[in-house]
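Trainee: All chains, please: the whole structure from these sequences, using the hints.
Residue numbers (full-length UniProt numbering), protein chains in the order written: chain A, 1 to 237; chain B, 1 to 237.
Please keep in mind that the hints were generated in silico from the structure rather than gathered at the bench.
There's no promise every hint is true.
Each pair may be met inside one copy or between any two copies, as identical chains are not told apart.
[To be verified] In silico SDA-like links for lysine to any residue, alpha-carbon gap of 25 Å or less: (1) Lys126 - Gly146; (2) Lys126 - His150; (3) Lys73 - Tyr204; (4) Lys87 - Asp163.
There are 2 protein chains.
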Amino acid sequence: MNVLLVHAHPEPRSFTAALRDQAVETLQAQGHQVQVSDLYAMDWNPVASADDFSARENPEYLVYALEQRLGVKSQTLAADIQQELDKLLWADLLILNFPIYWFSAPAMLKGWIDRVLVSGICYGGKRFYDQGGLRGKKALVSVTLGGREHMFGEGAIHGPLEDMLRPILRGTLAYVGLDVLPPFVAWHVPYISAEARQEFLASYQQRLENLGQDQPIEFPRLSQFDDGLYPLAQNTR
Amino acid sequence: MNVLLVHAHPEPRSFTAALRDQAVETLQAQGHQVQVSDLYAMDWNPVASADDFSARENPEYLVYALEQRLGVKSQTLAADIQQELDKLLWADLLILNFPIYWFSAPAMLKGWIDRVLVSGICYGGKRFYDQGGLRGKKALVSVTLGGREHMFGEGAIHGPLEDMLRPILRGTLAYVGLDVLPPFVAWHVPYISAEARQEFLASYQQRLENLGQDQPIEFPRLSQFDDGLYPLAQNTR
Numbered sequence: 001m002n003v004l005l006v007h008a009h010p011e012p013r014s015f016t017a018a019l020r021d022q023a024v025e026t027l028q029a030q031g032h033q034v035q036v037s038d039l040y041a042m043d044w045n046p047v048a049s050a051d052d053f054s055a056r057e058n059p060e061y062l063v064y065a066l067e068q069r070l071g072v073k074s075q076t077l078a079a080d081i082q083q084e085l086d087k088l089l090w091a092d093l094l095i096l097n098f099p100i101y102w103f104s105a106p107a108m109l110k111g112w113i114d115r116v117l118v119s120g121i122c123y124g125g126k127r128f129y130d131q132g133g134l135r136g137k138k139a140l141v142s143v144t145l146g147g148r149e150h151m152f153g154e155g156a157i158h159g160p161l162e163d164m165l166r167p168i169l170r171g172t173l174a175y176v177g178l179d180v181l182p183p184f185v186a187w188h189v190p191y192i193s194a195e196a197r198q199e200f201l202a203s204y205q206q207r208l209e210n211l212g213q214d215q216p217i218e219f220p221r222l223s224q225f226d227d228g229l230y231p232l233a234q235n236t237r
Numbered sequence: 001m002n003v004l005l006v007h008a009h010p011e012p013r014s015f016t017a018a019l020r021d022q023a024v025e026t027l028q029a030q031g032h033q034v035q036v037s038d039l040y041a042m043d044w045n046p047v048a049s050a051d052d053f054s055a056r057e058n059p060e061y062l063v064y065a066l067e068q069r070l071g072v073k074s075q076t077l078a079a080d081i082q083q084e085l086d087k088l089l090w091a092d093l094l095i096l097n098f099p100i101y102w103f104s105a106p107a108m109l110k111g112w113i114d115r116v117l118v119s120g121i122c123y124g125g126k127r128f129y130d131q132g133g134l135r136g137k138k139a140l141v142s143v144t145l146g147g148r149e150h151m152f153g154e155g156a157i158h159g160p161l162e163d164m165l166r167p168i169l170r171g172t173l174a175y176v177g178l179d180v181l182p183p184f185v186a187w188h189v190p191y192i193s194a195e196a197r198q199e200f201l202a203s204y205q206q207r208l209e210n211l212g213q214d215q216p217i218e219f220p221r222l223s224q225f226d227d228g229l230y231p232l233a234q235n236t237r
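Mentor: Structure follows, in structure tokens:
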């Protein structure tokens, strides 16, 4: 497999970075090719703007997704976007590796999503969810957070973590057609012992060595909806 | 009321900007004080990093939230963060005004959340949800998106929009103690007529003129959980 790991953490020696290194080591040991986009180290620009396009469909008025489509066709996307897009298209597996900030991705990583998942390639028209432009590839989210495990789940104070991660898991990764594997989560990281961290790393290694057995999360399929994207009646499915 | 409107859109003449202007005009006409943080116009830096602290609790290893707490106490937060924080503390109502990118906020706005909602003031320890540091203030999210209204809701292809916005509505705004009003949503914006846009503006104006009647969305209260944040049994509530 070709693997693209996108990593975003402001501390180079963070435990999130240890998860990144564990993934690289484990996946390479299994014979996979791995590329890492370390967004802080790259000084990645997370801001979607008119500067992302060297030619414009409409120079007077920016509709970002429309300009992405032209940029793809005419190969006039900004160089930093095109490089990440090339890595993404090369990859069979995308790993997003980050600390949970406000129950979602740090702005640095959100800006990778905003700029790299371009309309016209990753999605467009009726190409989304199971018909998305990146179908056939897989995605894994690996996250660290401060909260304890019992604060998440049905009836817990924050509800299920998967519900908080919905815009990423469903609204982004599944939307562009990726098979989204259940997230890997390291809980309570700033407060735990070195031994507990080692246990998370060992557990992540084992998870990565057996990724082939993971079942993707279920999401809507376009065949469940009509041409106007209204739900088909249950009895006609 | 004092109102802080945080706006993030890469096109200065966007319909999202028209919503911003409508809000300013309507609220001022009602006698409210309004400040606008136009993040693209300000060239806001959305990247949380070590540069955000001129003094460090631990110069060797960055734990962002811990450094925020010191920065608050010793007034060593970066000037751009402190300015936004001062506006936030001045405000009785926070409006986040943005186009939906990937079912969430553009990185530009996410980076305002990451950097400005500092630990030690906005939350910390057991001060979150109804005990959050910003309790007593209100929040309103006003968004534009490309999708049609029937694509959202129970059974719809994307599910309820409120579920997609959960990390913002619950995980961010309610987490810091704000009373979160139901979002204002302008659907299908890139594809609709000028008249349809005017209708959204009129409807937004009416909504803003009657904000006092809006009931906040219900979220967990800390009194429903024990000291370890485990849920109390239903019959002991």
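Trainee: Give a verdict on every hint.
Mentor: A quick look at each hint next to the structure:
1. Taking the shortest alpha-carbon separations for Lys126 and Gly146, only the inter-copy value of 13 Å comes in at or below 25 Å, while the best intra-copy value is 38 Å.
2. For a Cα distance limit of 25 Å, the shortest separation of Lys126 from His150 across copies, 15 Å, qualifies, whereas the shortest one inside one copy, 39 Å, does not.
3. Neither within a single protomer nor between protomers do Lys73 and Tyr204 lie at most 25 Å apart by alpha-carbon distance, with minima of 39 Å and 38 Å respectively.
4. In this assembly of identical chains, the alpha carbons of Lys87 and Asp163 never lie at most 25 Å apart, being 29 Å within a copy and 31 Å across copies at closest.
The earlier numbered hints that this structure contradicts are 3 and 4.
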